[in-house]
Each structure stands twice: as structure tokens, then as C-alpha cells.
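Spelled out, the chains give:
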Amino acid sequence: MRYIPLLLFTSILFPNDQIPGTEQKRPILLRGGTLHTVSGDVLEEYDLLFAEGRIITIDEQIQPSPETDIYEIYGKHVVPGFVAGYTRIGLTEISAVKQTNDHSEIGDINPNVRANVAYNPDSDLIPVTRSNGVLVVNSAPSSGRVPGQSSVMKLDGWTWEDATLKHPAALNINWPYMYIDYEKNRKKNDKAQRDEYDHQVREIDQLVRNVRAYHHRKSAKERKAEHKQETDLRLESMIPFVIYKDPIHVKANDIRQIEAAVKWADEQDLNIVIVGGRDSWINPKILVENNVPVILLGVQVTPRRRFEPIHIPYKLPALLHEAGVHFCISLDPGYPMDGHVRTLPDEAMRAVSWGLSKDHALRSITLSAAEILGVDDKIGSLEPGKDATFFIAESEPLTQTTNPIKAFIQGRELDLSDRQKDLWEKYKEKYRRLGRLNE
Amino acid sequence: MQKFPFLFILISVIIAQTEPVEDIHTNDPRVWALTHAMIHTEPGDSIKDATLVVRDGKIEKVGRYIKVPLDAYELDMEGAHIYAGFIDGWLEVKKDEKTKSPDDHWNEKIRADYRAKDDLKIKKKDLKALHSIGITAAHVVPEKGIFKGKSDLVVLNDEMISVAKDVTELIEFKTTGWSDNGYPNSLLGVIAVIRQTLLDADWYQRSLELIKKYPEENEPLPLNPSLMELADFKSNRRPFLFMTKEEHAALRSLKISEEFNLRPWLLGSGYEYRRLDKIKEHNPFIIFPLEFPNKPKVGDPYIALQFSNEQLKHWDMAPDNIKRVFDAGIRFGLTSGTLKNKLDFRKNLQKIIDRGISQDVTLAALTTYPAEAMGLDQVLGKIQPGFMANLVVTDGNYFDPRSRVTSIWLAGKEKYITERHKTVLAGKWDIEIQNNTYELELTVPSIYKKDKNRNQIALANNQLEGKVSIGDEFLNLMDLKIYGNRIEFKVKGTLLDIDATLAFKGEIKKDKIIGTIYDGSKDYAFKAKRTVVVERIARDKEMMSESKLFLPEGAYGLDKELLTPNAVLIDNATIWTCGPKGIVEEWDILFVNGKIDKVAPDISVPMGSALVIDGTDKYVTPGLIDCHSHSAASSINEGAQAVTAEVRIRDVLFADDVNIYRQLGGGLTTANVLHGSANPIGGQNAVIKLRWGSEPEDLLFKNAPQGIKFALGENVKQANWQGNGRYPQTRMGVEQVIRDAFRAAQDYRHRHKTYDRNSKAQKKTVPPRIDLELEALAEILEGKRLLHCHSYRQDEIWMLTRIAEDFGFKIATFQHVLEGYKVAERLAEHGAGASTFSDWWQYKYEVIDAIPYNGTLMAKNNVLVSFNSDDAELARRMNTEAMKAVKYGGLSEEEALHFVTINPAKQLKIDKWVGSLEEGKDADFVIWDGAPLSIYSKVLETWIDGTRYWSVDENVQLEERDKLEREELIQKILSHRSSSSGKAMRPNSATPRHFHNCELNDLELMGLEDFE
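If you read the protein sequences in the order shown, they are chains A and B.
Under my numbering, the first residue of the first sequence is numbered 194, with each subsequent residue one higher.
Under my numbering, the first residue of the second sequence is numbered 87, with each subsequent residue one higher.
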């Protein structure tokens, strides 16, 4: 047994680029911490033992084996890593600089493109994001009608393959615009605008039908060599989602879009998740009845319409919870929000302030997100058998000033420094030298 | 009284004498006596069975017992009504072809010397449509530009003679948008151009006088016809006619008129009722387009969501607008100019009369009001001896839509419109054919039956369908056509024992029709006699709207006085003073007459002398201050030039922005509304208090020093989008632009000072021009204008402090200043404040080194730091933004609160009045239900100047009120039957995003939120 002094906790291991964590070699026992299991109760002064990247035991008192490292963390909190349900992490570096953007392929129909292959594991956004406890993100492509496949990424790893937790996480669809727009489309009357919408939906339907036909012909038993279906990457890539009903993430904010997407999925017998969902409070019933979860993009936003209650976006998570909608909270990516994923806990806290319980708020950025992304067998809660993906903080997770002091992804300890902390240190040194600062 | 150049003097003489004869001489007899008519001599006055004598284009005599002159030809007008010819207030000349001249103003949007009438061409069809509603003269106006040009009052006869020229000079707040490289491309710039040009006009006039007097002493000035015209209009008190599209444009127009002592006219928007109190102070003459919005399409509940409450209400309220404006004492004219179908003009007249305007006033708006306003009250608008013989002849009261305009007279010449006598044919007739009698029934088509108004019009105009009955059976009439006094139709079936189609053709004479039937081979005669006349059914009268008005109109607008007690005492609260007293628990605070009276452990006041609020478990802080906002402004960026110090946010304040209300709900009371960052030297900012429900100018924080926005880096060098190639494109160029501007300002001041000191020069030489741009820049150098500079990188921050020091002034704040932490010692030494984001980064290259520790690190280096929003959403949670200074870098919560209270107050030099709870300061405060920086605390009440602008309870009440109102309005629209033919309503419920506005342009700001 080796007791690790707490002193090491706050030290920054490397003053430069953050180096990925090393594989967990020895079992680690966290002794006496407050465990926010999320799946169950908050357990005070409990022990948590993890080895080989997995949580082994959670108990009041665990007898460690001799090779175990022990951290005494009385009064500190252990929290499952936050999970951001919809981001561009790894796919962008500087939003305004085109050269650094890899989230928007040209063309409308790109079901075959895969987010994780373009994920840059050395992006500066990664350490900054995990500094606030966000340890897993869904990185999603974003433009066109079918932007591509998103991937659930661990915010640690030497390569994108290391970092991939699940791929594909989902096929993404941006639901066609249904707002009858008299400004931008002033030359088109209502009917023309609706016709255009119908046409766009028909295109999606045709795509789905073509996938079915493609799959049918490919899997037909008897066929002549000359009847062989030749390859179509687009259609082929959609087979898991159309034939095997893997989740499809449909971006829809307007209530018309939400309802249309839900009905479409029902008719087509597909599994969808609504991404965005800002109008979902208008008709949450349809989501409950059809068992459609929602990845909410943003709680701290202004209402969409002047006459809405001014705090409706803040209350939205509580309203969805009351209605029985399965949801998680994420942020709306895009300029200038791409780098703002680290504020995920703030969004959950705001929801608490407006009616959601703290437990559910924490769940909405951990286990619920993991469930919706289909990775709840590995992450999202502190349970034996799950990945040791969590962080340790001095204060409760949903506290504004909480800063993780230690974090693990699958048992690998993370370097919690980042570019911003480095710059902070660098310039503190400057002012020390100038005699202006003595900390 | 203004002076108009009159053109109307004995038309006949002028025309007869100047025009060469093409073939042989034409000399129409030009003396007519119209007898036995109902003559409406002027609004409110009419003579029955009267005679009117017209001679040589003018009215010679009018009255009951007039002897018809011997040389006059008498026209018996029995049954006719005669009105003075109507004046259309707005006839826009499209496609003007102003020839370009080297003398034109440098800015092609300024074309004040252009006379619209020069390009007046009216299509015959359009002219006929105007005539058919009784329009005899029109105010002909130009179409393009900001100073658009001059108007004429033109008689719509063949010669298009002008009765008056240079009636008004037209101004439009014409913004072409970001894509236009020409200055100005924003509302901000347009107003600045208007102000500068009006100043230039005065200067030009004065200069010309001096040059004329002392040619040797002065360099000649280039000719500038635009400025000459403007000076002429100003000094002769001729009206400036501002085109307005909404009520804020009216307020802006009137403000400019007040500043430059102009006589204002408005082309009304129909929204005047929303801000009438303010508009009536200036008593402008308003020309109203007689058009009302269509019913919003609320049948689909989700499309209904796209309509804002104020839009729904506007549908209900628009036809009341004119009545409300008139009741406020404002005179007005009318125009059919925007109507596609001119027949709607009379329908809409009916609408405003229904809504309470009298027929006399309506007639006046078509005749005497515009004539008076144009100084033509002895020429047009009445039927009186000496007036021009412009007349409208109808077969009944003009304001009854069933009556018809039968002819009009233009300068003494009659123009036929339709036959004077028309029989209403609807009803039952007996047709006699070869001794057989059948019943013919003519009725209004069933499609019009639902709409009583439409029904009446169809009835009057014989738009009918019909059938012939034979016993119990009937045959429908086919191809029924009624022209003048002729009727035609076909009947297919067995009539006359012939099984064939018979074509009827007849002539109508009062209650009889005589005609023939043709079956292809033979003719038969027929006669018809009326048996039943259709009674006219009563029309559905519209009622005035019962909706209550709010200020501002729309959701959360106020409908009653805000709570403003003389004194407020908060008892036993935790008070975060942000002043020397720090945080005090279980203390009292007393506010009297809008000021902080006392902060003490225990304050007692006589019973009933103050509103007492129990502060137990509550927290009180100063009202929060946002040092960087773009809310409450209609225009943010004038980006067409690198230097636009002349533009002012105060000109475009938008008090209807619901974000004001939302931000009050987050405890914000003061905001620094800044120009955008499109150019190195942007516009002048406006510090406002969030006085929801006030007039735009009352938002201003009166004591706040003036300021200006500068910007550095990527935006001003247009690095992140396809710019227009404007100088500068590098940070090097940015520095030179700024230095150059300051040098120019120094030269400018020097020029003025030298002139002001030289009394001899003042008498004889042309004075230096007042330049609003250089004026603002000079004020910076003189320390009279605070400089707020958008900045990111340390190099540019350092650079600007050096420029300021070279020119001997101090930068008030660096905004954003995300690399401020790298040069904190420079900021501290220079004494500039830093107004930064809490934790924004990553969005562009120049923020690559942004760190959330920025605020704390600068603060620890004795820099005065604030956190700002630059975003409508962030602005309503400034307290939790401040908490990030605790999270990142470990400031105390008390210090962090200073980032959004006293520190920004100091940065804006308004800390004498706001920013902390200290005796003598303004009563701007927030009551919270928990610790002020906690995300789990909520605002209970927000007060400004001792008035409660927001409270939890009121908010709930307003929400409920608006929900109910919305439901009622939608119900009213759904149940409203009459078809409307007005302007389609474009839904606009979405509120603008105001999202990191610095990075956005005007177009995006005005546009809808992304509803993808």
C-alpha cells in the first residue's frame, strides 16, 4: 500500500502541452470521499476502489490489496465525468478560422462522414474543457441536411482511436426549416415555402427508402454476378440507422420541426433523439408518448419570442422533467460558442435555480446524457463495472466555484493543466518579477 | 407662414400664350354653369340645389340663387353632389432619371436639388384609377436617396400643371445595409449625414453671402445645389417631409426637426398611436397612406406563434390610428399611394369613419388640410370664387361607398368617369315575351353574401347574377353583362317553347328594360318591368378597438404607472453596499425621492411615510451595470468608413427592446450601449438606465459623460469576412488611421480657434465648417469624451495607450481586452479601465490567448476591472458572470460584485450617482432572495431612481395579462369576417439575438434569430 499525499493533487505535472494519462497500473482506493453516484444516493465517507480503468467496489469501508494506492479524500467529492451531448470538440480550433474547422462537409447529404476520424486529440479545447469536469463529449458534424455521424469521445488519448468511446454515436439530421419566413423569403408565398419544405422531407424519405432498397438488394440471397449492387457509401453508411434502428439525432428547435420529426420517425419506424428542442415545452407530450429523448442545447438563452415568459428557457429542463421527457443538457455549438463547452455545469445549475432538482440536474449532464448517447454501460455514474471516468473536487459538483482537482478517464489520471492555466502561471511570473504580485 | 413659389395664375392665359399651335386653334368654351347640385363648398358646409359657375379654369360663383351668366352653358346636375377636388398627399415618381452633374453633392444619397416632377410620368391606367376615386391633384415626390429632393403639387390634368413647386424637401432614413460600401450603410450613419448636411447648408449659405460681399477676401466655393436648396428650404420655413415606417422613425424625425428648427411633416406609418404623446408635442403635419394591415394568419396555431402580440394588436388598432392622431390635435392629409387597388381607398375611408373620424374631417383631409399645409388655402380645397375649378362629381354622398364618382373637373375641364345615372338592377322583374310573362330575378352573387360591405358595393355597381322562373322551375342567366344602360344575358332551356339558348339584349330606362331576343335565326322583342326593388341592407359598422395600449406596445409593456413611493425603507436586510461600508447584515436602507437617504443598522421612519419592505433573509445590492451592451438600439454599426465618430447611438435608442425588460429581471439597471466594432473609430455611445416603458430619449443616463467607441484588430481590418477592401487591413494601418484622425482633429480645433479669435476675419471670410466627426474627436483630446476601445491583443492595447499619451489624454476603458492580463502594468500605469468577458475565448484567432483569469489578474495589478456582457442573454445574469472571478483566480465574492457595480460605474465616470449603495446616490438597487452572486438566487425587485421597474409578482401579472390579451386578439381575428385587401402582415415575434454583437453587423442584428 502506498499513501499518496494530497500535496500532489494540485501540482501541475507538466508546464507545457498536456500529455495523455498513463494506463492505470495499480489499483487506486479513494478513501472517505462523498460519492455522487448519480445512479443511486450520494454516499458520504465512502470508499471507491478502481483498477484497470474500471470501478471495482463502492463501499463504506474497503480493504485494499497491498499493491493499492490510497488517496484519502475525506470531505472531497467524487463525481462522474460530465458528458456534453452535442459539441464540436476536436473538430474546430478557432471558429472564425476556416482552416481549423472540420465539422461541416460540403453538400447536403453526408451520412457517411465520421466525426471521430477528424477529431484532433491535441486540440487546445480538450484540456480547457475537461478542466471543468467535462470528460466525455459527443462530437458532431453540423452542416447540410444530413451532416454525418457523430462520435462519443473521451477527452484523453494520443490518437482519435484512443479517444473514441463510441462510434457511431448517431446519424445526424438537420430537420428542414419550417418557419414561414416572410423576411428572408419574401418572394415566396406561404404555399411555396410549404411546398419547399414538403420537397425537403420527401428527399429525406427517398433517402431512407433508397437505404432500404440498397440493403435489400445487397442482402438478397440469390443473385447473379451481374446483378451485384455496386457500392454507395452514403446509403451503406445509413444501414445501421435505418435497418437496425441505431439512433438518429435530429436537430429541431421549432415546435413544428419537433412534431414533424417525431411523426416522421414514427412513420418510418426509426429511433430518433431531438437535438435542440427549444420549443419542446409547447408539446412535451408528443415526446413522452413516442419515447423520444431530447438533447437540450442551452438553458441560459433568451426566449425565442417576445411574448414568451422571460425565464422559459431556464425553466425548460424542469418542465421537461415534470412532463416525463428523457433529456440531457448540452450547449449550442457554433460561433462563438464552440469553446464554451466547459460551462456545461452552469447550464445545469441554472436549471436547478428554476425548478429542476439538483439530483436531476446532475443526472442531466452525466447519466442521462450517457443514456441518450448509448454509453451508459461505461460512463455516467459511479457504479462497479463502469469505467473509472470521474473527477474529484473540493466542493459539490453543482457549485459555481467548483474546480476539479483530479480527474480520471478509464482510470488514467489526467493532466488538469491547460493552455489557459499555463498562460496564467506565465503572467503571474511576469508580475512577480515586476514586484507587482506576491502569490 | 412659409413662402411657396406659386405657379397658378390664370392657367388659360399661360397655356394659350406660350404653346405653339400644332394644327388649327382649339378654343373650348370654358364657361359652365352646373345647376341644381348639392354643392359641398367646404368641409362642414354645403348648399342644396345650388349653382356653380366655372370660368377659365376657376370658380367664378357658387350659391343657391345665382343667375347663370349669359355666356355660360348650363349643365343640369340634379341629384349630383359636388366636392372640391381631392388632393393625394403622396405620388412617388418611380425611376427618376436625375442626370449626374459634377456639382452634385459628394454623397449620391444627397440630392436635395432634385425635383421629382421633372420625371413625372403616370401611366394612363394609373391616372384613371386616381381620377375614379376623385383625386384631382397630387403631391409629387421623389423616390431615391436620403435627402431625396423636392416635391410639387400637381393637378392631374393632361398638362400636369404644378400649382406649387418646392412644396417639401423629402428625407428618408434610407439604409441600404452592410453590403453597401457607400456611406452611410446604417441608420446611425443616415442620421449623422442628415445632421451634418443640415449644418453644411447653413454654413454654405453664410459662406456664399460672405463671398458675394467680399469676393477678394475669399476663395470661391464650388457650386453645391443640394446645399443651396436645403438652406433655402430652411430659411423660408418650408416643410421637410420625413418618410417614416414606424413610430420610432417619427420620433427621430421630430428630434432632428427640433434640433435644426425645421418645419416637420411626416409620411405616416400607421403606428403613431404607440408613441402619440411624444409625437403630438411637435405637432407635425402627417400624410397617411390609407392602407391597413391584412388579418394575420392565425388560423394555424404554429403560424400564430410567429406573430407578436403587438402585431396582432396592430391589426386591430391600425384603423384607429388616424382618429387617435386627429384627437391629439394633429392635422393630416391622406394618400392612396401605397394601394395597389385604388378602389380600396374609399373602402378604407369608410373604415376610418366607422372608427370615429367624422365625414367633415375626412373631407378636410382630402381638401382643405393639405391645401392649408401647402399654403394653397386660397387656391385649392374649397368651392369658392377664385379657387381653382377642381371638382369631384358623385351621384351621392362620397363617403357612402355605394355612390359613384361620375366625373371630375380638372382646372375647369370635365373628365368623364362613368355615366351619371345608374339604375340598381337587383330585384325582381316581370319579363314579357310574346304575351308570356316570366319572372326575372337579379341578385348579388352568393360569393359576396357573407360580407355586407362587399355586397353593397356589388349591388351599387350591378355586379349581379340572375335567373328566370317559369312556374316552379328556373333557368340561370349565363354571361350576364351590364354596361352602362345596357344589359345582356343568355338563357339556355325551354322558353318560348324553343329548346335552345336565347341571347337577350336590352336597354335599361329606370324601371324598364326594352330589348330583343335572338335565337340564331329570329329576333323577338321583350319588355321588362320592375316588380320588387332590393332593399339596401345595413352595413356592418366597424367599432373602435377596445384594446388597451401599453408602453412600449407589446408583451410586458406597461399599462399603468410604476410604483414610485416618496420613500422606501428596506428593513433588516443583508446589504452589499459595494462602498466603504462593505457588506452589512441586518441593516436598514432608506431611499427618499429617488436617492439613497441612509444606510444604517436601524432606521426608523414615521408610520406610513415610507413603503417598508421586510428585508429579512433578503439581500440588497446596487443595480448592476453592464459596461458593454448593444441592447436598446436599432442600429449598431456604421461600417462604411474607417472613421465615423459623427454617428451617435443616442439617435437610434430603441425603447421597445424587450431585452430591457428581461435584463431588469436579472437586476441590471444601467448599460453602456456601444457602437459596434466595424471600424477603428466607431460611433458615440450612450449610457442608459433601463427605464422600461419610457421614451427613447428618457433612457439616457443624463449625467453620464459623453463617450465614443474605438476598435482594434481583426474586425476593423475586416479579417474574418470578405471586406470591402477598406483601409486599414493591418494593425499597422489601424494605428495610422487613429493617429491621422487625431491630428486632423487638432488641425480642426486650431482652425476654429484661430477664426474665433480673429474678429476681422469673422466679418469677411468664410468660416471653417463645423464637422461633427472632427468635433467628436477633438472632444476626446480635450478630455470631454470618454474613449472606450474594443481590443484583444496586448500589442494593440499597448499601442493605443501610447497614442493617448502622445495626444495627452487617457483611455477610459479597453473593452474585451482579453490579453489585458499580459500588459496589466501598462493599463494600471496609464489608468485605463478594463471591461472584459468573464470566460470567452476560442472564437477567433485574436482571442487565442484569452484566459478566464484575465479579470482577476488585472485586478490584482490595480487595474480597474469590470465584466461586461456584449450579449442580451449574459446581460441578465451579470451576477453569475461576476462569480467567475471567484472561480478563476480566487477573488472574494465582494470584490467580484464590484466588477458589475462600482467598477463599471467608475469606468463610465458615473460613480457619483450609481454603482454603490451610499448616501446621496441614485436609488438604483436590487433585492435578491439569496446571496447576490449565487446562481441559485433570484431577483425579487429591481428599482431605478426610486421607481420599481421589475418585480417577481408584476412579472407574473404581466405574463398572465399578455397571455389573455393574445388569446382574445386571436379570437377576434378568427371571428372577423370581412375580407381585407391591405398589406400582408409579416410575422415578427422573434426577438433579435444581440449575441456577441461586436462581431455582428446591422443586418444580422435586425434579422431574425436563426430558426433553422
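If you're looking for bench data, these hints aren't it; they were derived computationally from the structure.
Any given hint could be a false lead.
[Said to hold, decoys possible] Computed beta-carbon distance windows for the label pairs:
1. A/482 with B/703: 51 to 59 Å
2. B/1072 with A/398: 27 to 35 Å
3. A/380 with B/210: 51 to 59 Å
4. A/398 with B/815: 28 to 36 Å
5. A/380 with B/152: 40 to 48 Å
6. A/235 with B/703: 45 to 53 Å
7. B/671 with A/197: 50 to 58 Å
8. A/351 with B/383: 52 to 60 Å
9. A/351 with B/1072: 27 to 35 Å
10. A/517 with B/978: 24 to 32 Å
11. A/381 with B/1047: 56 to 64 Å
12. B/1047 with A/403: 51 to 59 Å
13. B/579 with A/403: 54 to 62 Å
All C-beta atoms in this analysis are idealised placements derived from N, C-alpha and C, irrespective of residue type, glycine included.
Now for the hints, and whether the structure bears them out:
no.	hint	in the structure
1	A/482 with B/703: 51 to 59 Å	violated (42 Å)
2	B/1072 with A/398: 27 to 35 Å	holds (31 Å)
3	A/380 with B/210: 51 to 59 Å	violated (29 Å)
4	A/398 with B/815: 28 to 36 Å	violated (49 Å)
5	A/380 with B/152: 40 to 48 Å	violated (58 Å)
6	A/235 with B/703: 45 to 53 Å	violated (26 Å)
7	B/671 with A/197: 50 to 58 Å	violated (42 Å)
8	A/351 with B/383: 52 to 60 Å	holds (58 Å)
9	A/351 with B/1072: 27 to 35 Å	violated (54 Å)
10	A/517 with B/978: 24 to 32 Å	violated (43 Å)
11	A/381 with B/1047: 56 to 64 Å	violated (36 Å)
12	B/1047 with A/403: 51 to 59 Å	holds (53 Å)
13	B/579 with A/403: 54 to 62 Å	holds (59 Å)
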